[in-house]
Amino acid sequence: MNSAVSGEIPGFYAIVPAGGSGTRLWPLSRAGSPKFLHDLTGSGRSLLRTTADRLTPLCGSRLMVVTGARHAEAVREQLPELGQDDLIVEPSPRESMPAIGLAAALLEQLDPDAVLGSFAADHVIVDDETFRDCVRQAVAVAHTGKLVTIGIEPTHAATGFGYIQTGDPLHIEGAPDALDVKAFVEKPDGETAEQYVDSGEYRWNAGMFVVKASVLLDMLAQYQPVMAHHLRSIANNPMRLNELWPRLTKIAIDPAIAEPAAVDDRVAVVPGAFGWDDVGDFASLASVLVESADAPGVKVLGESELVVMQDSTGVVAPRSGRTVVALGVEDVVVVDTPDAVLVTTRDRAQDVKKIVEKLKLTGREDLT
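Going by the numbering used here, the letters in the sequence shown line up with residues 1 to 368, in that order.
Heads up, some of the hints might be wrong.
Unchecked claim - With a cut-off of at most 25 Å between alpha-carbon atoms, the simulated DSS-like pairs for lysine-lysine come out as follows:
hint : residue 1 : residue 2
1    : 353       : 187
2    : 187       : 354
3    : 250       : 187
Hints were generated in silico from the structure; no laboratory data involved.
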């Protein structure tokens with residue numbers, strides 16, 4: 001990686017889609033208070049605040065957040081530096097493509113040559129400077145008219161992430177590590193994931209994309225023409241947002257443009273050798289927390305003096321002020337909040353979302 005270049009990138013805008021219900025991290029994360037608003041690493045900063053701090057050295061004040069009406073006030077509280085037009089409020093959830101596309105349509109009008117980078121509000125990244133070097137390389141590639149993604153170097157055969165199949169080096173000035181993208185691949189089974197990692201050709205798809213705003217809208221016009229038309233109409237007349245937004249297809253950016261563009265040889269990847277996690281459940285949360293100094297195998301999110309573990313391992317989040325005690329339990333997950341207590345194991349962490357669904361079905365939406 002070339003870290004000689006530093007500082008703000010001229011004409012670069014950072015877009016942060018801040019959405020999702022965070023059901024796998026219930027009851028810490030709720031529909032009204034999703035995970036990006038929380039400190040899930042013990043750093044003292046929320047994931048959203050950390051994301052903004054990571055991007056500001058690259059974009060300066062050119063940071064835009066796209067979020068739902070329910071979360072707009074909390075986002076403004078956490079990021080008071082956002083300008084009036086830098087917080088884009090979606091009337092309803094529509095997945096990542098409409099959110100990123102609307103930001104791109106507004107940017108296209110503001111600056112036809114603008115390059116945007118889209119980065120989720122709720123990911124954990126270790127080694128910010130290596131991340132920023134990857135973004136600088138991605139911007140250099142984006143200026144050639146490609147859609148660029150940052151592919152994470154896999155540390156194990158994960159089945160919970162999509163993968164990017166890489167191709168030949170692109171030899172672009174300012175982007176020595178950039179590669180062609182052969183294909184985006186859905187979440188694989190364990191055996192296939194092992195093959196991907198062993199081949200050295202695959203990277204995790206972290207959903208990070210860098211592209212010229214005008215190129216993104218032109219790609220959208222090719223692959224999702226109705227959406228492109230509506231988004232450009234909204235950018236021309238923001239008063240039409242509430243009218244046109246419900247007509248937009250609910251679709252993520254990957255199937256909307258990244259996957260078909262890869263087939264058409266219009267996508268590049270910059271491999272990222274920094275630590276990354278999407279903190280998708282309590283098992284992955286455990287991997288980003290520091291182990292308790294007093295109790296090997298125990299990780300605490302919150303006040304460690306409230307946790308007493310005897311012959312036990314796992315993750316505990318004491319959020320009610322009560323003391324949490326575990327005796328003789330391996331790999332336990334305990335989340336204690338004022339109105340709900342979750343007890344499960346790391347192996348069952350992915351199933352927490354089923355509990356949220358059950359609560360809704362039984363009329364306990366007040367807890368979700």
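Here's how the hints hold up against the structure:
no., hint, verdict
1, 353 <-> 187, "holds (18 Å)"
2, 187 <-> 354, "holds (20 Å)"
3, 250 <-> 187, "holds (20 Å)"
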